[in-house]
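**Student:** Chains as they are written, first to last, in our numbering: chain A, 1 to 196; chain B, 197 to 447.
Some hints here could point you the wrong way.
To be verified - Below 25 Å or equal to it, Euclidean Cα-Cα: the simulated PhoX-like pairs (lysine-lysine) are:
hint, chain 1, residue 1, chain 2, residue 2
1, B, 412, B, 444
2, A, 108, B, 444
3, A, 66, A, 191
4, A, 66, A, 55
5, A, 108, B, 412
6, A, 169, A, 191
7, B, 412, B, 333
8, B, 328, B, 412
9, B, 329, A, 191
10, B, 233, A, 55
11, B, 328, A, 20
Because the hints were derived from the structure by calculation, they are not lab data.
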Amino acid sequence: MIAIIDYDTGNLRSVSNVLKRLGAEFCVTSDAAVIRAAEKVLLPGVGAAASAMQKLQERGLCQVLKELKQPVLGICVGMQIMCRSSEEGDVDCLGIFDTDVRRFTPCKEQGVKVPHMGWNSIENLRSSLFDGVENSAYVYFVHSYAPNLCDEAIATATNGCEFAAALAKDNFYGTQFHPEKSGDVGETILKNFIDL
Amino acid sequence: MVAKRIIPCLDVKEGRTVKGVNFVELKDVGDAVEMGKMYAMQGADELVYLDISATVEGRNTFTSLVERIAENINIPFTVGGGISTIDDAARLLGVGADKISINSAAVRNPALIDEIASKYGSQFVVLAIDAKKVGDKWLITTHGGRQLTERELFAWAHEGQERGAGEILLTSMDHDGVRSGYPCDLFARLCNELSIPVIASGGAGSVKDIVDVLSKGCADAALAASIFHYGDITIGDLKKELSRNGIKVRL
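Starting from the given sequences, assemble the full structure and let the hints guide the process.
**Tutor:** Pasting the structure below:
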């Protein structure tokens, strides 16, 4: 059973739809006991990091998340709040990943737009999460903030500057892009997570 | 840098896709979910579904269709047509739409853009603009091009961006459905002035038209309907040709 954490940060539909397509068993929950007992945990998220952190705190889930031993995957803002801090709302986050989240700087000459929205390629893939995915594969991004490069980066992408497109540490994983919207490549990545 | 996007547009009436040449003669070209899946398989980067039903029943059919689309499609999709309140937007978000596009309702009530963007984020709001050249000015039309307003295109696009729209979807009503190419100068100027992405719509008749609007026209994405629906060209072949022309696309 995969627990999708419901902490009121927007659309959980696309994540549950893709798990359904992949034939995975899942539940949508904010119950700490259910989350602790799940085989895997998914932390989705859209919106701003500060409000996502606040909502997680209100549900008393911060400590629960940090102590999980099963594979955990954060998506987009879900991953950002697993980092040390975010410039968005200048907020301290869970500190699972040893990096900070910064805002992109727009630059017309280089074609850097903020938000970074659309399909971009991921490079330097190094994780079983990317089994069957080639370097330079395209995935779908929608964000204005991104984690700085760090040792825990398992994929990188470039929007003006290079940033960590995916992170991993022990049982924790995170993707800045949306695998649930990234076509067949995204489904492969989610399938790999399910099979971990 | 992100890849340029190719976006097939599907007009939907009573759950079926139709495409009108110049919005008048509608021809039934297939099941909306199956067509979307086919386009996604061919390499479409996003899909746009426009509800052109005129009845309440049609609207309800569309909502359940959006739910089925979300269950079956693994790329982002936008829905539009008849969205005039934040409740309409919330209903479509709730059944799984990634973005909504608003058009006439935003012209009538520009605060709608702020309202939806501040609640659900700019990434959720596409401002669709139908423009028509009158003298030497580009003016906004509403109701599928039937009503001309006094709003000027560039001022309105800027206002939309300031109010929180995440993208502009611009159609030239002078070019829509006639398949003779996009007005590239118009798109180049708009893309240069705005900081949010611009999607070019209406006018694609050939691969070269799409090459032009994504290079000379600087557009971030091209949206087209007939050229794909009638099988003139597949999305895969189109993207290969774009790539040969030095345009970054997802292959």
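**Student:** Indicate, hint by hint, whether the structure satisfies it.
**Tutor:** Verification of the supplied hints:
Distance restraint check for residue 412/B and residue 444/B: the Cα-Cα separation of roughly 14 Å lies within the 25 Å cut-off, and the hinted pair is therefore satisfied. Taking the CA atoms of residue 108/A and residue 444/B, the gap is about 17 Å. The hint holds against a cut of 25 Å. As the CA atoms of residue 66/A and residue 191/A are separated by approximately 23 Å, the hinted pair is consistent with the 25 Å bound. Of the pairs offered as hints, the one joining residue 66/A and residue 55/A holds, with about 16 Å between alpha carbons and a cut-off of 25 Å not exceeded.
Between residue 108/A and residue 412/B the CA atoms are separated by roughly 16 Å; this keeps the pair inside 25 Å, and the hint holds. The straight-line distance between the Cα atoms of residue 169/A and residue 191/A is roughly 19 Å, inside the 25 Å bound, and the hint therefore holds. A C-alpha spacing of about 21 Å is found between residue 412/B and residue 333/B, which places the hinted pair at or below 25 Å, so the restraint holds. The straight-line distance between the Cα atoms of residue 328/B and residue 412/B is roughly 21 Å, inside the 25 Å bound, and the hint therefore holds.
Simply put, residue 329/B and residue 191/A have alpha-carbon atoms about 50 Å apart, too far for the 25 Å limit, and the pair is violated. Distance hint between residue 233/B and residue 55/A is unfulfilled; the C-alpha atoms sit about 36 Å from each other, more than 25 Å. For the proposed pair residue 328/B and residue 20/A, the alpha carbon gap of about 45 Å is over 25 Å, so the pair is violated.
When each numbered hint is compared with the structure, violations occur for hints 9, 10 and 11.
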